[in-house]
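Q: Going down the list, the protein sequences come from chains A and B.
Anchor point for the first sequence: position 161 equals 154 in our numbering, and the numbering is continuous, going up by one each time.
Anchor point for the second sequence: position 142 equals 135 in our numbering, and the numbering is continuous, going up by one each time.
Note that these hints are calculated values from the structure, not bench results.
Check the hints yourself; a few may be wrong.
Pairs count within a copy or across copies, as identical chains cannot be separated in the list.
To be verified - Below 27 Å or equal to it, Euclidean Cα-Cα: the simulated DSS-like pairs (lysine-lysine) are: (1) 71 / 155; (2) 155 / 0; (3) 74 / 152; (4) 155 / 29; (5) 152 / 125; (6) 49 / 125; (7) 177 / 152; (8) 49 / 177; (9) 29 / 49; (10) 11 / 26; (11) 34 / 152; (12) 155 / 124; (13) 155 / 48; (14) 0 / 120; (15) 74 / 26.
This one's a predicted model, so the numbers in the text were calculated from it and none came from an experiment.
Chain by chain, the residues:
Number of protein chains: 2
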Amino acid sequence: MTNLIEKTIHSEEIFSGKVISLHLQDVELPNGKQSKREIIKHPGAVAILAMTDDKKIVMVEQYRKALERTIVEIPAGKLEKDEEPALCARRELEEETGYVCESLELLISFYTSPGFADEIVHLFVAKGLTKKENSAALDEDEFVNIEEISLDEAIQYIKEQKIYDAKTAYAVQYLQLQETVESK
Amino acid sequence: MTNLIEKTIHSEEIFSGKVISLHLQDVELPNGKQSKREIIKHPGAVAILAMTDDKKIVMVEQYRKALERTIVEIPAGKLEKDEEPALCARRELEEETGYVCESLELLISFYTSPGFADEIVHLFVAKGLTKKENSAALDEDEFVNIEEISLDEAIQYIKEQKIYDAKTAYAVQYLQLQETVESK
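Next comes chain A alone, as it looks inside the complex:
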């Protein structure tokens, strides 16, 4: 709706890093008043709900410095410049888990933190997994533990807050919905 638009009066880049940049903006509100906005720009990311043939979900446990703890997540990674999300998903799945997939379908895309960031996550479902012979394809500076867990275990991990992020919670709930639909 046009009546909600916030016009940019001034925008300044405060920081530009490897992953994110920070922009301070003066905006004009719909009532003519001014306000400030703190905006993070991010290249976007992919996440992959990868299912093995015996219905296990491939998870990665990794240390998240922002949280100062490890959490268990579906595989994910940032888009390279101009990278097509589906290609990025195949690349990240192989780099993080050593799996290649036969089928890959986009489930949903969503913004993670629209209040302050433009990060978008493209969530894919990957099936027909095959482990690469040389599965030491991990990024040199990436340290993760791979786990393959059942849906019930994933639900338990959510209760225990080992799974604790939006994209993984969404993916687990998606599988709950699929299972409920199929059992009808």
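Starting from the structure of chain A, add chain B where the hints point.
A: Okay, now just chain B, sitting in the frame of chain A:
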């Protein structure tokens, strides 16, 4: 797992704003090498899946400067310092929509962007809604359009990318799951 920990060698606050702060950290990786982390600190937030007695979902359309567009979201807002999430949820629901609720239950909490930010969202389900007489309780500088939509409309909004953020997509999928379970 302790073997994944990234130790902080140096941390510097680059920016501290109204909503977020930005920290640049030098970390020691598990292999002894060093790397840099760009970390956003955020006070955390609540979101409210508010259901009317006739099974409509209360949505707010608002302009998101980070995205330069409006999106349709469940009501949400930042935690004040030391504010209890359930109190914040009641406050935000009333401020944004004019509704007070009889029952409020925590559905799930999740981190939205663990790769670079510590923002957590506490997602509540609110029922037994009553419109306050004086519903002009909106924050002075908050501009939103309220909509009450059915689950089918919400699913359509996701397809049309009018609903486009993680917490709202999670909430809509939760209702799909509830409806599927109930119809069994």
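Q: Looking at the structure, which of the earlier hints fail to hold?
A: Going through the list in order, the structure violates hints 5, 9 and 14 and respects the others.
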